[in-house]
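S.K.: What follows is the residue order along each chain.
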Amino acid sequence: DTAVSQTPKYLVTQMGNDKSIKCEQNLGHDTMYWYKQDSKKFLKIMFSYNNKELIINETVPNRFSPKSPDKAHLNLHINSLELGDSAVYFCASRGQDEQFFGPGTRLTVL
Amino acid sequence: GENVEQHPSTLSVQEGDSAVIKCTYSDSASNYFPWYKQELGKRPQLIIDIRSNVGEKKDQRIAVTLNKTAKHFSLHITETQPEDSAVYFCAAKIQGAQKLVFGQGTRLTINP
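These protein sequence lines map, in sequence, to chains H and Z.
With our numbering applied, the first sequence covers 1284 to 1393.
With our numbering applied, the second sequence covers 3 to 114.
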């Protein structure tokens, strides 16, 4: 059983396109996150949702829009993709304090 | 807000030797300090964590120490093996806060 899953694992697309990444957790947690990891490996938090409500938005461009249809899902939609959006995007889910990461989505913008 | 500094950024040790990675944090209200290991192409995985009411925690070859007065915590890996090669991240969480603040990561290489 995969605790936190993401799809797709790889995403290659042209500049200007719109794409979505989906995340699901089966841990029963209330809080989920999106992180961006660039080529230097730094883990940068983007958003957090608690029970479908946005609680953290770390000055991410408006082109990025998270959506949480229920507390087990947190999807990320990106409009008008730019070269600088190329990175690995990780979804995570939080229990009491511990965070569990999904497998990541490697996004390449050409 | 919280700030976490991690050193060194790269570390190379001989197989069988020990490795130590250090982190400092800025906010004395932080009370939870996890360590994550990220192998190449994989997700970060929690390997050990410590809370502010404990000074040291061990799990087989891995240990974490916390000095609340100095606001720093360290990861110790003994008898290193090739499979310990990875990027390690420390993090800190302020009590009541919703997010972890991560260090910059340490790339650990174990030389056979």
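Accuracy of the hints is not assured; some may be wrong.
[As the list claims (entries may be wrong)] Residues on chain H that point at chain Z, a partial pick, calculated with CB under 8 Å: (1) Leu1310; (2) Met1329; (3) Ser1331; (4) Leu1337; (5) Ile1339; (6) Asn1340; (7) Pro1344; (8) Asp1380; (9) Glu1381; (10) Phe1384; (11) Pro1386; (12) Gly1387.
Just so you know, these hints were derived from the structure itself, not from any lab.
Positions of the beta carbon are idealized from the N, C-alpha and C atoms, including for glycine.
S.K.: The structure should be examined with respect to each hint, and the outcome stated for every one.
M.R.: Hints, verified against the model:
About 13 Å separates the beta-carbon of leucine 1310 of chain H from the nearest beta-carbon of chain Z, more than 8 Å, and the hint is not met. Residue-level restraint check for methionine 1329 of chain H is violated (minimum Cβ-Cβ distance to chain Z is 11 Å; threshold 8 Å). This hint holds: serine 1331 of chain H has a C-beta 6 Å from the nearest C-beta of chain Z, less than the 8 Å allowed. At a threshold of 8 Å, the smallest CB-CB gap from leucine 1337 of chain H to chain Z is about 11 Å, leaving the interface hint violated.
Satisfaction of the interface hint for isoleucine 1339 of chain H is found here, the shortest Cβ-Cβ separation to chain Z being roughly 6 Å, below the 8 Å cut-off. The closest approach between the C-beta of asparagine 1340 of chain H and any C-beta of chain Z is roughly 11 Å, which is over the 8 Å cut-off, so the hint fails. Contact between proline 1344 of chain H and chain Z, as hinted, is not supported at the beta carbon level, the nearest pair being about 19 Å apart and thus beyond 8 Å. With a least beta-carbon distance of about 5 Å to chain Z, the hint placing aspartate 1380 of chain H at the interface is held under the 8 Å criterion.
With a cut of 8 Å, the hint placing glutamate 1381 of chain H at the interface with chain Z holds, because the nearest CB-to-CB distance is about 6 Å. Given the 8 Å rule on beta carbons, the hint for phenylalanine 1384 of chain H holds: about 4 Å separates it from the nearest Cβ of chain Z. With a cut of 8 Å, the hint placing proline 1386 of chain H at the interface with chain Z holds, because the nearest CB-to-CB distance is about 5 Å. For glycine 1387 of chain H, the shortest C-beta to C-beta distance to chain Z is roughly 6 Å, which falls under 8 Å, so the interface hint holds.
Checked against the numbered hints above, the structure violates hints 1, 2, 4, 6, 7; every other hint is satisfied.
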